[in-house]
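4 protein chains.
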Amino acid sequence: MFSTFGTLFRASTFGESHGRGVGVVIDGCPARLPLTEAGIQPQLDRRRPGQSRLTTEREEADQVTILSGTQNGLTLGTPIGLMVPNRDQRPADYEHLDTAPRPSHADFTYQAKYGIRAASGGGRASARETIGRVAAGAVAEIFLQECCGVEIVAWVSAVGELDAPPVDALRIDRAAVDQNAVRCPHAETAVRMIAEISRAREAADSVGGVVTCVCRNVPVGLGEPVFGKTEALLAQAMLSIPATKGFEIGAGFSGARMRGSRHNDPFVMKDGRLGTLTNRSGGVQGGITNGEPIVFRVAFKPPSTIGQAQASADFDGQPVTLEARGRHDPCVVPRAVPIVESMAALVLADLVLIQKMRG
Amino acid sequence: MFSTFGTLFRASTFGESHGRGVGVVIDGCPARLPLTEAGIQPQLDRRRPGQSRLTTEREEADQVTILSGTQNGLTLGTPIGLMVPNRDQRPADYEHLDTAPRPSHADFTYQAKYGIRAASGGGRASARETIGRVAAGAVAEIFLQECCGVEIVAWVSAVGELDAPPVDALRIDRAAVDQNAVRCPHAETAVRMIAEISRAREAADSVGGVVTCVCRNVPVGLGEPVFGKTEALLAQAMLSIPATKGFEIGAGFSGARMRGSRHNDPFVMKDGRLGTLTNRSGGVQGGITNGEPIVFRVAFKPPSTIGQAQASADFDGQPVTLEARGRHDPCVVPRAVPIVESMAALVLADLVLIQKMRG
Amino acid sequence: MFSTFGTLFRASTFGESHGRGVGVVIDGCPARLPLTEAGIQPQLDRRRPGQSRLTTEREEADQVTILSGTQNGLTLGTPIGLMVPNRDQRPADYEHLDTAPRPSHADFTYQAKYGIRAASGGGRASARETIGRVAAGAVAEIFLQECCGVEIVAWVSAVGELDAPPVDALRIDRAAVDQNAVRCPHAETAVRMIAEISRAREAADSVGGVVTCVCRNVPVGLGEPVFGKTEALLAQAMLSIPATKGFEIGAGFSGARMRGSRHNDPFVMKDGRLGTLTNRSGGVQGGITNGEPIVFRVAFKPPSTIGQAQASADFDGQPVTLEARGRHDPCVVPRAVPIVESMAALVLADLVLIQKMRG
Amino acid sequence: MFSTFGTLFRASTFGESHGRGVGVVIDGCPARLPLTEAGIQPQLDRRRPGQSRLTTEREEADQVTILSGTQNGLTLGTPIGLMVPNRDQRPADYEHLDTAPRPSHADFTYQAKYGIRAASGGGRASARETIGRVAAGAVAEIFLQECCGVEIVAWVSAVGELDAPPVDALRIDRAAVDQNAVRCPHAETAVRMIAEISRAREAADSVGGVVTCVCRNVPVGLGEPVFGKTEALLAQAMLSIPATKGFEIGAGFSGARMRGSRHNDPFVMKDGRLGTLTNRSGGVQGGITNGEPIVFRVAFKPPSTIGQAQASADFDGQPVTLEARGRHDPCVVPRAVPIVESMAALVLADLVLIQKMRG
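In the order they appear, the protein sequences are chains A, B, C and D. Quick note on the working numbering: the first sequence kicks off at 718 and runs consecutively. Quick note on the working numbering: the second sequence kicks off at 718 and runs consecutively. Quick note on the working numbering: the third sequence kicks off at 718 and runs consecutively. Quick note on the working numbering: the fourth sequence kicks off at 718 and runs consecutively.
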């Protein structure tokens, strides 16, 4: 709840784009894990804006510093403080927001909720808040790798109306995902996606998309059977990412159109363990992981900040025309890939620790 | 987490189908609300199996008893204990489950998680667990009605391949929903849905569907900006309902296909307050409610327990053929309607209490 | 917080003296533990009023029923619902409380907090609320016994001005404690304590006392180093028991009078493990258990409900004279013994589960 | 639990003495409060070592930086990150700790708990962890002052065998407390306490003491009636401070020696509200504040790190003689005064926010 995610592996993010920095405190991370800044930085670099023409042009180095919780490259079991200083704030770009809330942005709702809001455009709704999530997720991934060899890979499976064909969830890796700027592992579709994003940018518009994620080697038995079902926690995690509007696991919404005889996953022996022949369940049954890959999809709306003129109203209800200045992502899904992976890692790390109490 | 939902308005469910009963303890409900068993019973009756030929035939009276927390028909501010005794258990129907896990059911994962499982078929994965949610949701609705006039209405918008046309989210009410057994307010589609469910039953099969829900008169400013976004908590709540596989809010997955210039909701003056001309955001912006109706959809898979013979494997990996005995719902979405409403009420009641700390 | 105690081993109590019953839901209890009603009843019987002339004369059978969470005498890992029906309510005895709050009782503060209060005298401040704690504590003790052989024994070490001499914390057991009605294992002092309680009763007065508790065979390494220190959680647990006003661990307040050279516990080899020669720390160092017995003391005030006439004021501030009717304990410490043990068991069971995540 | 304190006003501390710094993230602090670094620094200065010959001689500037959560000197309602960099680490002083645990210190228990521990002497058990508490407490005090005029004042009431006479809890203020280095407002006793601490230092020994605290102008109705009683949360808060071994509220342990007729606090009209003639309850009844001053006492053991030679055992159980090098406080209670105040402020700020949900 609030700015903390998790029950035992707990990540508490802090920071707005206008302050001294953003970061996270991770409480509950096991001791004696290898952890250095170099182990966290790669995912932050994948999240960073300015990686390509596809995303915002702002240069943000986003170098992480470990404030606490390690010694000689090992975790101590104590809270791990991580921080990334803010550099390029440009509050001037946001001055006109004082009188009119941007359509589909959080200006209006923050003002209503708190009676005050950050002048810098976004506050906690700023994409910079996700830096703390990605830093924490990188730590969670180290734990998951050490404890059980979990692999988490996300990719862009749709941009606007363009859908990529299915990929082999058992084999896809981050190298394949990162082969192009849009992070779609299907090269041909990637070319078309990049073109579509360019068209949106040229039109001073934006475009939505879908990120698909697979988690492999997840131990059997994770997840709590009622309110803490694996898919419930993943859904919360994903819908907590800015700009997300939908989540589905396994066959998802298309499974709702099926008969049970087709949707059910029969059991079979696989590699010496009881597995399922198909995986329409998406790796969970009754909320608990069954050892098959967890596969889910997350819908991202088109970014609400666009350069086009928009007819709207100011805080007093007077008509205004808004045109966003500054530099803005026309499409967030390529940069959302490591964020989705990080939130999945936070969910699974928490569930692994929780299940340990039953060991 | 675990069997408790909520931060301030907290519902803790308990009970399996084979024990003495199922129920819920609600902690944090405000004092001086009108609360009697008669105020809770209607939603339990809507959830109850055996309401029509469409759902399971078991007769379960599901009469609720208030164990604590009220006096003279008013809440005391203390924990409200609610219980419904179990009656028709028929454990004999489930005896064959001892050796083989049912496909896409929780038998295998519960055994892996706990090293033990209820012989009665389902344990906490049983649909009877949702009795506690619906009882708690009925209390939450009373609070929401008293504090702010919130109205929550859910309905069946798809069964299998059959989609109902959109309804007017501003006007739909429960009376309209309950006009037919399938709880689809579009009469013509309802007839076809009922026929489809009958066909599935005759084929000893099952069929999935979609429930759509609207929450009206929700105060502006609810929801926490990071991990406790309104949509994140709704997503967790909905994906914690048995058999759910997907959640989307506002334009959802279809919004991911749009350009920002089309998806954005411009601000306008409406009834003396700042509102939005369209509602593709689904009532939330930056995770915080904006005063527009919250509209979301939940995907339910077809029930995994079917009468058809299924080729599967037993716990030892040996091939078996399973045919479910007993009586089973061919389609859960009509009965899921009050469960979706109840979980939405629990989310909103919690967020109202949380926002009070800012008042 | 609120009516739930614990992070992983979670007990949520419910019920007032005037409703249908009181009880508890335990979430997080490990699966496959032996649990029957007969295993819970003994501690409830020790808590029950009417065991002797020393305590209140009301006859309350306090028979516990398991509502959920077990099958064939084993826990399922699911929420364990426990309930004890209310019988002897006598609300008439409390009618005069409507206009004047009893001195040092919770009437005034409940009214201020909730704007309503139970007419039955006590509401959640009633001693009957502790039934849920004792029932949950009995379950926690079964877990602690199974996992690690933990033994918890509490006894009355002071009544009013009468202090019992120290007992051997390594050997004291419940049989020795229960040898007399006042639960002081020092027979000679017990006789004097019983006489003192009788004098208080005859004077229509009440008397306070102290309960001392030892926890043996506690694993090394329990407790969280900052806010979840073992002694911090024990202190919260004990000060949450009605009528408690003080807590000290190890040398406690008398240790504050010492020099460090005398207070420090030097390390020595003991039974093949590193132990301490003395135990002024009371079994914890830096908030974490060190394998020595945990020893702590809890101060109970004299019961505030007394038969003597008391000059006070009514809710309007007008002078009144109050004389409690009905039957009341002149001294609660004998019955508090199992409550102290139960709360200690809840703390330790929770800490054992939490530490498992580090295993 | 863990490194987070509070339910709604939540403080999460991080940092060891050997890392880059220590700090705290405060989540849930209301928006629009005046907050600058200058408003936090004074309590940090009172906590700082090296204020006088009485405490450790290390010079630590302990300058706080606000990382996030404010703009133009006002809180935004978002997480407030506060940090103090580490300067004077001197890990060399602690090298000999690698083989032998210090008596009554946390070396042994941390090693048992985590399988690793900070080489710098203390880790999270270091007194530097309390910097985060004091910084958060300063913010909590600003909120409490703004919302309700709450005043919190703590002082040293005992050092070793020396007890100060009672002070007027209605009038004592921090200026009176700070008139001497030992923070005992009774000047004559303070002189004797200072001499006693000097004697302990000269003997390479240490000495314990007691801190008493009063909270005035606390609203009526704070505190939750069962596990979240005001005194239970205060007890947890105080026993979570390093080196504490006891807590009592109101008449405390001495009240356990009284008859009810003497202990009870009769109601009277006071300043137009219903108050109590005496205050043996210490400001709480049934766990809920009654508007009288909250008064409690906290016992601190003598610091375990002493310069005297101590016979002990190393981690392998071999006899060793330990003599602490470096500089160490002979008595922590003067510096503990702001820590006690801060923890009390965190408890009350949380309870004020919780009670708002009932408004």
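Any given hint might turn out to be false.
Repeated chains share a single entry, so a pair holds when one copy, or any two copies, can fit it.
Below, in silico cross-link-like pairs of lysine to any residue (SDA-like), each with a Cα-Cα straight-line distance of 25 Å or less [claimed, not checked]:
no.: 1; residue 1: Lys1073; residue 2: Pro936
no.: 2; residue 1: Lys987; residue 2: Met1074
no.: 3; residue 1: Lys987; residue 2: Ala817
no.: 4; residue 1: Lys1073; residue 2: Phe1032
no.: 5; residue 1: Lys987; residue 2: Glu905
no.: 6; residue 1: Lys987; residue 2: Ile889
no.: 7; residue 1: Lys987; residue 2: Leu750
no.: 8; residue 1: Lys987; residue 2: Asp895
no.: 9; residue 1: Lys987; residue 2: Val937
no.: 10; residue 1: Lys1073; residue 2: Arg749
no.: 11; residue 1: Lys1073; residue 2: Gly992
no.: 12; residue 1: Lys987; residue 2: Gln758
no.: 13; residue 1: Lys987; residue 2: Leu887
no.: 14; residue 1: Lys1073; residue 2: Glu863
no.: 15; residue 1: Lys1073; residue 2: Arg763
no.: 16; residue 1: Lys987; residue 2: Ala920
Hints listed in this document are in silico derivations from the structure and should not be mistaken for laboratory results.
Within a copy, between copies, both or neither: which one fits Lys987 and Gln758 at a CA-CA cutoff of 25 Å?
neither (37 Å within a copy, 47 Å between copies)
I want to check one pair: Lys1073 and Glu863. Are their C-alpha atoms no more than 25 Å apart within a copy, between two copies, both, or neither?
Cα proximity of Lys1073 and Glu863: in one copy and across copies (15 Å, 17 Å).
Same-copy or cross-copy closeness of Lys987 to Ala817 [CA-CA at most 25 Å]
between (59 Å within a copy, 16 Å between copies)
Could you figure out if Lys987 and Ile889 sit no more than 25 Å apart (CA to CA) within one copy, between two copies, both or neither?
For Lys987 and Ile889, the Cα distance is within 25 Å only inside one copy (20 Å; across copies 49 Å).
Between the shortest in-copy and the shortest cross-copy C-alpha distance, which are at most 25 Å for Lys987 and Ala920: within, between, both, or neither?
Neither. Shortest intra-copy (51 Å) and inter-copy (30 Å) distances fail the 25 Å Cα cut-off.
One pair to classify: Lys1073 and Arg763, alpha carbons no more than 25 Å apart. Within, between, both, or neither?
neither (32 Å within a copy, 35 Å between copies)
Are the CA atoms of Lys987 and Glu905 at most 25 Å apart within a copy, between copies, both, or neither?
So Lys987 and Glu905 fail the 25 Å test inside a copy (34 Å) and across (47 Å) alike.
Intra/inter-copy verdict for Lys1073 and Pro936 if alpha-carbon distance must be at most 25 Å:
both (11 Å within a copy, 17 Å between copies)
Same-copy or cross-copy closeness of Lys1073 to Gly992 [CA-CA at most 25 Å]:
Cα proximity of Lys1073 and Gly992: one copy only (22 Å, versus 28 Å across).
Given a CA cutoff of 25 Å, do Lys987 and Met1074 count as a within-copy pair, a between-copy pair, both, or neither?
neither (28 Å within a copy, 29 Å between copies)
Within a copy, between copies, both or neither: where do Lys987 and Val937 come within 25 Å Cα-Cα?
within (14 Å within a copy, 41 Å between copies)
What label fits Lys1073 with Phe1032 when the C-alpha limit is 25 Å: within, between, both, or neither?
Between copies only: 23 Å across, 51 Å inside.
In summary, the structure is inconsistent with hints 2, 5, 7, 8, 12, 15, 16 from the numbered list given earlier, while agreeing with the others.
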